[in-house]
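K.L.:
Below are the chains, spelled out letter by letter.
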Amino acid sequence: METSTQTQSTAVHSHTNDVHIHEHEHHHHQSFISKYIFSLDHKTIGKQYLITAIFMAIVGMSLSLLMRAQLGWPGEQFSFIGKLLGKFAEGGIIKPEYYYALVTLHGTIMVFFVLTGGLSGTFFNLLIPLQIGTRDMASPLLNALSYWFFFASSCVMLSSFFVMAGPASGGWTIYPPLSALPEATPGSGTGMTLWLVSMSLFIASGLMGGINYISTVINMRTKGMSLWKMPLTVWSFFITAILGVLSFPVLFSGAIMLVFDRSFGTSFFLPDGLVVADKLLNHSGGSPILWQHLFWFLGHPEVYIVLLPAMGMVSEILSVNARKPIFGYKAMVYAIMAIGFLSFIVWAHHMFQSGMNPFLGSVFVFTTLLIAIPSAVKTFNWLTTLYRSNIIFTPAMLYALGFVSLFITGGITGIFLGNAAVDIQLHDTYFVVAHFHLVMGAASFFGLFAGVYHWFPKMFSKMMNNTLGKWHFWLTIISLYCVFFPMHYMGMAGVPRRYYAFTEYEWTSMFTDLNRFISIWALIGGAAQVLLIFNFFWSMFKGKPATANPWKANTLEWTTPIKPVHGNWPGEIPEVHRWPYDYSKPGHEEDYIPQHIPYSETGSSNRKGDY
Amino acid sequence: MNLSLFNNNGFTLAQTSQRKSAIRFSIWIFMATVTMLFAAFTSALIVRQGQGNWDLFRFPAIFNFSTIFIVFSSVTMQWAYLSFQKQKTKEVWMAAGITLFAGLVFAFSQISGWNTLYDSGIKLSGNASHSFLFLISGAHLLHLIGGVVLLIFFIVRFSVTPSFSDKITIYSCTVIWHFLTALWVYLFLFLKYYCAA
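So the sequence lines, in the order shown, correspond to chains A and B. In this text, residue positions in the first sequence follow our numbering: the first is 143, and each later residue adds one. In this text, residue positions in the second sequence follow our numbering: the first is 2, and each later residue adds one.
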């Protein structure tokens, strides 16, 4: 038995060697275009995603600052805003219709283009092949196509800023009838059409990517890399990809029906008796609630599509910089699976106040609160990983710690919002805005930042500047809390979200000062991002050269050459012998043992049951 | 398959067996996404039907005919697949040809079914039950056309180089074809149950 496995493994090795020689002959002459632009290499595609996402994030953040300018100083004339937005902000005051376009596009860009496309696209592409030990994705071409669809979809979404009537303005959830009737609002016309075209391209991109990620993780792992030896990053990416593949088609079905309502006279989402411009419409019998069901069946898994990869990266970074094994590795994996599963059966908690049957609501309260269990398991395990560890405060580690903080703060309010009764007061208020920005927006951004600081050396063979990174972290987390913490109070008082101004009523205008406070911190937080952008591009060219394994981490990506090569490993792909979290193992002279080190070389630290 | 879609980036030989199983696996994930799409359509139909104002109408007889035809085409597709396994060139040709023909007959009978419906005043923009019928059968037909294109691709390749080394194209053709057949049988029974008078 043993001999046969040995022969087999030798056979595999000599085979990959042959292949490698063959590859070398192929790959010396790559033109600039095939190397950097229409590249099929997963590492380059990951970087393309990252750069696109950085650009989209700058746009998305600028939109939020424009909104904060209006909310902090309502009616104030900002001449530069007037110059920037032209007829949408005559005299430097943003028009109410355009404010809704800002809300819509900020949400759409941040949720889909930065935290889904950007976060997943970057790190799934970079890390899945490197951490499971394969030379590339299952289908490199499909992978490149996925990026170019994403790029096209970003361009279409941005182009909607330049149409006469302005971009879509019905909110990122594009509820009908505003989204289904082209004549309903200025943004419901061409802007909405572009939104739908862009999102269709985005879904196509996401599905191509998702199929590839799942198939790669299942089929392309190196020898010895059993599922239970995969880093938590890969586990979370894998489950996230499954969520995407199962939920995005549902959004697509809704989008198709919406297109039919808009263009072919159907009434899927349009009820009787709608009057637009004094004209009674022909539509009859449709249900706007049906759209909400279809949208949120994607929408809720979507928030975990955004959050789970961040959780995976944070688990990895916490363990590396705490120099301790992650606490409860298997529990972490089961928690990811549980969150993934539960995310499909909670969607109606976004619709408690939509007129839904209250009994149905109570079922969704129950499933929603269940999510607290795996979330608490994860939080407990992060804290116990940190307990009595010697933390190394790299910028990535700071962001990982910040993630845990934001996840707790924002997650707790989810328990309030998950109750249908409490939701009567809290729904559609700033409490919701505070909740999801902390737990999903900011937390996932922290995962993204942590990932960028941690894997920058792997992407660009350079180190980022630590001091700038720390300044960036502290300014960001302080301003985040100053922006979103006060919003809870406004929400509890009943201040509604998505309003253009709060000057009309006394009970809302009493928050004018608080709104200004929030806006000032939003500006500080926004300005702090310049540090990251500068650090990122400056380090890419002028950063200190990276070492092979700068964080002394165990995962396979750090066994690749510092200068990335096509095919990832110049020789054989390393074989995996152990789990990725052998940090500070008693008896070993160093405080880490990479995954490819066989037990035969670590006699001093081996324990019963290790092999 | 030597389809450039899956064999490029210089890794023509690298991890070949891994990559082959990855491609087979990808096809199944793809079918899962299509399943979710139609699950969404059909559950939307159930939700909408539950709200009333739902018209029941007579199904044109040609839909029965098209259903029989697509089931038949699945049998001949399986025949083509088995003949490919046994390396019988002539049978592969015949079976794949019949399948292609049956697939096209299915497509035309669906379209003619829509025509019959339009003639009797059942229109896309009518009652929601009408809209759903056109939407769902139309979405299925688009997927079937995708399957037909894949089958044509196989037939053209097989006629240029009649080799039996590439098993994945015929495999994906067959699996997807059976899937679309099963999907239509489900959709047909479902639509009959909810929409037919």
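Hints in this document: simulated from the structure, not taken from any laboratory. These numbers come from a predicted model, not from an experiment. Some hints here could point you the wrong way.
[Said to hold, decoys possible] If you anchor each label on the Cβ, the simulated ranges turn out as follows: (1) B/Ser44 / A/Trp290: 27 to 37 Å; (2) A/Ile675 / B/Tyr119: 35 to 45 Å; (3) A/Ala473 / B/Ser44: 52 to 62 Å; (4) B/Leu190 / A/Ile675: 27 to 37 Å; (5) A/Lys705 / B/Ser44: 24 to 34 Å; (6) A/Pro712 / B/Ser22: 24 to 34 Å; (7) B/Ser22 / A/Lys705: 52 to 62 Å.
[As the list claims (entries may be wrong)] According to the in silico footprint, chain A covers these stretches of chain B (three or more CB under 8 Å from chain A): (8) 43–52; (9) 62–72.
Cβ coordinates follow ideal geometry from the N, Cα and C atoms, glycine included.
K.L.:
Going through the earlier hints one by one, which of them does the structure break, listed in rising order?
P.N.:
2, 3, 4, 5, 7 and 9
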